[in-house]
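Trainee: Residue numbers (this note's numbering), protein chains in the order written: chain A, 1 to 301; chain B, 1001 to 1418.
Careful, some of the hints might be misleading.
As the list claims (entries may be wrong) - Counterexamples of contact, computed for chain B against chain A with all Cβ distances above 10 Å:
#, residue
1, Gly1046
2, Leu1181
3, Thr1243
4, Gln1312
Claimed, not checked - Which bits of chain B does chain A cover? Going by a derived footprint, with three or more residues having C-beta under 8 Å, they are:
#, stretch
5, 1071 to 1080
6, 1226 to 1237
7, 1281 to 1289
Worth flagging that the hints you see were computed from the coordinates, not collected in a lab.
Here the structure is a predicted model, which means the values were calculated and not measured.
All C-beta atoms in this analysis are idealised placements derived from N, C-alpha and C, irrespective of residue type, glycine included.
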Amino acid sequence: MAYDLTHLRQLEAESIHIFREVAAEFENPCLLFSGGKDSIVMLRLAEKAFWPAKLPFPVMHVDTGHNFPEVIEFRDRRVEEMGCRLVVASVQDAIDSGKVVEETGPRASRNRLQTTALLDGIAEHRFDALFGGARRDEEKARAKERVYSFRDEFGAWDPKNQRPELWSLYNGRIKQGEHIRVFPISNYTELDIWMYIKEEGIEIPNVYFSHQREVFERDGMLLSTCEFITLMDDEEPFMKTVRYRTVGDMSCTGAVESTADTLDKIIDEVAATRITERGATRADDRVSEAAMEDRKKEGYF
Amino acid sequence: MEMLRFATAGSVDDGKSTLIGRLLYDTKTIFEDQMEAVERASIQMGAEHTNLALLTDGLRAEREQGITIDVAYRYFATPKRKFIIADTPGHTQYTRNMVTGASTADLAIVLLDARKGVLEQSRRHSFLASLLRIPHLVLAVNKMDLVDYSEERFEEVKNEYRDFAAKLDIADLTFIPVSALHGDNVVDRSTNMTWYQGPSLLHHLEEVHIASDRNLIDTRFPVQYVIRPQSDEYHDYRGYAGTMAGGVLRPGDDVIVLPSGFQSTVKSIETITGNLDEAFAPMAVTVRLNDEIDISRGDMIVRPNNVPENSQDIDAMVSWMNEKASLSPNSRLIIKHTTRVTKAIVKDVVYMLDINTLHRNESAGELKLNEIGRVKLRTQQPLFFDEYRRNRETGSFILIDEVTNVTVGAGMILGEAA
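From just these sequences and the hints, can you work out the full model?
Mentor: Spelled out as structure tokens, the structure:
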């Protein structure tokens, strides 16, 4: 038993290997960082991969402008602690400069507009590899995506034309203008992420823990009242004890009713839950059976 | 908790999707919203029963055409182990997908239909599992309900398979009679087959001994990245980052660095949370040495009394995955082996192996898409390798097309080419 690694340590070793491989083979990588739990775990893994050196790449936040204030505060603090460079790709800037037109109405979402801001950010900074915190257990299209996901010069994913990926030998060869999206935590499940956060003692924004919040119900989801959402006539805000399972754009990320206010309680809750995190909390994935696949083909994360 | 990666092979007719669906469902891994989505899609497609295959077939083209395009990864856990399933489709691009899924697997499940016995595709799946050196193989004899749960039929299929498997190199072979549809021997022991004394499939997956599958003898540390902080605090720091590909490394160990041949001793094995007493596969660590030696990515740190082969002439089995061109003498390719990337030229295609009959066709002269054969390569720089059957990490490589940059081949090293 002396030479056994727990599943979390095996997953960690795989992730660290991927981070180092990319840093060694690409000229200008970048880590996508939103302040959500998966990207926080990513940042910790990257820190471990290169310690005692600083990260050999910057981090980029694709900012929809519809943020949880707690998460932005957390993002800035963590980036400062680690001494890394933060690049913000702003959806608001893309709207202001007329590159994209914002949806209107009470259900307006900036989700699709993220893709434009992301691709502009990649082009502007000439990134050739982008680390993302996507996991294969999240969604059916992601279950089939490679760890190194090749993207053409339009940022598009072609699910029928993926490079075979064997052993731990990753092929990062690209031409000018193309890039690779790299997913070092592909093999973690939601539960693995929480167990890793606990084992490592990683700090996370407090919206993940149970708290009192003013919410309203829309399409069976609990959305937080905020300046970014216009309530429809039949929608009444009320107070609830909730927490977030995912943290994204405030206008389309739902809260779940929960009294889990510690990591242990969250782990128990996640282990017992019967609904996927995206099903429970993401309006953006409910649009159609293949919503994620379609967005990925357009260059989404 | 331990982790086990397994690959499943078989086509729709064998009940593979039903078996995976059953494992996920009975271990409470399928979520309600996933199940509802599958039920909705099944009704939309006019299916009579909920089609569990739709749980894994996620892409639009797959749903529309009722096929599986690519390797899908699925996850479940029991209190004993975390499992990663590489679910490989049975028809198009079969070899390429199975080789991909099998390359990282600790165990393979090959499904047979109890009524049909050992078919050509069962032979193919088993051969690929043995070629990729998956340490454990499970023959799940499925649809036992359709042969009245007959012990006699199970024994017949077993004997038929054993005759064939004798020709293969399979270390650990287990037969389990199951009915994926009804759940017999999948998660719980079947009450319909009291004659069967072995474990259920899940029980076997939880208990199969995998700890000794790793190579803990031949110390291999391919240098992946050199860490040089160049900060005030770590002014002269120089650490060699990488993933242990075999054996054990401890502070104080004598080491030799390839290709330079310089010798030194291990000063420390470091991580952010503290120094380690030892490192072993597959740990990702940073190694520091007591002497200042010029070491860079692609070099390998090993023990002086146990060095890998060191050659530019490689004899290997290659699985060819390129639809646009075949592999033939004088083909020029990029080869990636451990952390070393160099150029390779094909010297000879010794034979093409018919994966159904295991017949060696020595007059083939080339390998086409989804073909496997023995190939001799000459590399621009030497590779430091072990035989694939001794070490899957230092015995494997990929081939990349110089023009398209696509991964076009997977290689398993037999040794130095004569």
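Trainee: When the structure is checked against the list of hints, which entries are broken? Sort them ascending.
Mentor: 3
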